[in-house]
Every structure is written in C-alpha cells, then in structure tokens.
Amino acid sequence: ADGLITASSGLTLAIFTADCLPVFLGNVQQGVAGVVHAGWRGLANGIIAAALEVFRSHFGVQPENVTALIGPHIQKCCYEVGDELRDVFKLAPGETHLDLDAAAVNQLKALGVRQISSNGHCTAHETDLFFSYRREKTAGRIMSLVRI
Numbered sequence: 001a002d003g004l005i006t007a008s009s010g011l012t013l014a015i016f017t018a019d020c021l022p023v024f025l026g027n028v029q030q031g032v033a034g035v036v037h038a039g040w041r042g043l044a045n046g047i048i049a050a051a052l053e054v055f056r057s058h059f060g061v062q063p064e065n066v067t068a069l070i071g072p073h074i075q076k077c078c079y080e081v082g083d084e085l086r087d088v089f090k091l092a093p094g095e096t097h098l099d100l101d102a103a104a105v106n107q108l109k110a111l112g113v114r115q116i117s118s119n120g121h122c123t124a125h126e127t128d129l130f131f132s133y134r135r136e137k138t139a140g141r142i143m144s145l146v147r148i
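So the sequence shown is numbered by our numbering: it starts at 1 and just counts up by one.
To be clear, the hints were calculated from the coordinates, so they are not data collected in a lab.
A few of these clues could be false.
Keeping only pairs whose Cα atoms sit at most 30 Å apart, straight-line, the calculated DSS-like set for lysine-lysine is [said to hold, decoys possible]:
1) K137 x K76
2) K76 x K90
3) K109 x K90
4) K109 x K76
5) K137 x K90
Here are the computed distance ranges between Cβ atoms for each label pair [said to hold, decoys possible]:
6) R147 x G94: 39 to 45 Å
7) A92 x G31: 39 to 45 Å
8) R56 x H121: 28 to 34 Å
9) H125 x F59: 35 to 41 Å
10) L129 x T67: 19 to 25 Å
C-beta: ideal position from N, C-alpha, C; glycine also.
Let's have the full structure, built from the sequences with the hints guiding it.
Quick look at the structure:
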C-alpha cells in the first residue's frame, strides 16, 4: 500500500522506504494517524491529498488540524533527475536536482496543513544511518512506524 491510516488505538502502521519520503500524518486529539510512501510518482499523483481526504471524509479531521512529519529520504543534494522529472515538477531551466522535501511541504501547505516538520536527513549520503537504492542499487529498506 502507498498509505495507511487508522483510528484504532494500539494498532501500529508500517511502510518501507529507501529514498522515497515517509510522510507521517496525525491528529492526537481525535486519535487518527497515518503514514504514506511518497516518492516522486506518489507526489505527482496526489498521495498526500488522497490521505488528507481520508482524514477528512472518514474521520472528520480537517487538514488544518493535522500535524505532518517528513522522515528520512533522498535530499535535493543527491537527487539528480532527467528531463521527465524536470517536466513533471516544473523545475527551472538548467535545474538538475529535484527537491522532494520542498515538493511535499508545498503540497501540505497548499492543502491546508499548518504544522509541518522535516528531519532533513539524506538517505543517499548518510551511509552509516540509512539504506539508499540510488546509492547502493540493493533492496535495503527503512521501516517507518506510526501508532496511536
């Protein structure tokens, strides 16, 4: 699954990422939590908007009452992209690196989320802490967990 959301107390949700963004979403007061796997495809196809719509439609939680945390992922410094992604994300002429963090933060803000944090860790160059498919070309993954 690209995203999981629950209001079941004690249920732990998990996703696996390497260079993609784990985006944690929650509202502690109403007991709703979720996590989405947001790579470039997910960001381009609206995974964050879809998750926030579930928060609203199924649990009555409006985006302005959601807290978002973006976990470790490949940062702009290490994410060189080709023409296809430059076009998808409307990068400036000559820009060769994609900032997934900024793309996610901009989407969250545009959707009404006010409390947003990103830890700034880069999976590609922090070799002692994280797996990176782009760096290693192997299937190592990071498990991201959230629980109410």
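Here is how each hint holds up against the structure:
1. K137 x K76: Status holds; Cα separation ~18 Å.
2. K76 x K90: holds, 15 Å
3. K109 x K90: The hint holds at about 18 Å.
4. K109 x K76: holds, 19 Å
5. K137 x K90: holds, 27 Å
6. R147 x G94: 39 to 45 Å: The hint (39 to 45 Å, Cβ to Cβ) holds, given that R147 and G94 are roughly 44 Å apart.
7. A92 x G31: 39 to 45 Å: Cβ of A92 to Cβ of G31: about 42 Å, so the range 39 to 45 Å holds.
8. R56 x H121: 28 to 34 Å: holds, 30 Å
9. H125 x F59: 35 to 41 Å: holds, 37 Å
10. L129 x T67: 19 to 25 Å: With Cβ atoms ~24 Å apart, the hint holds.
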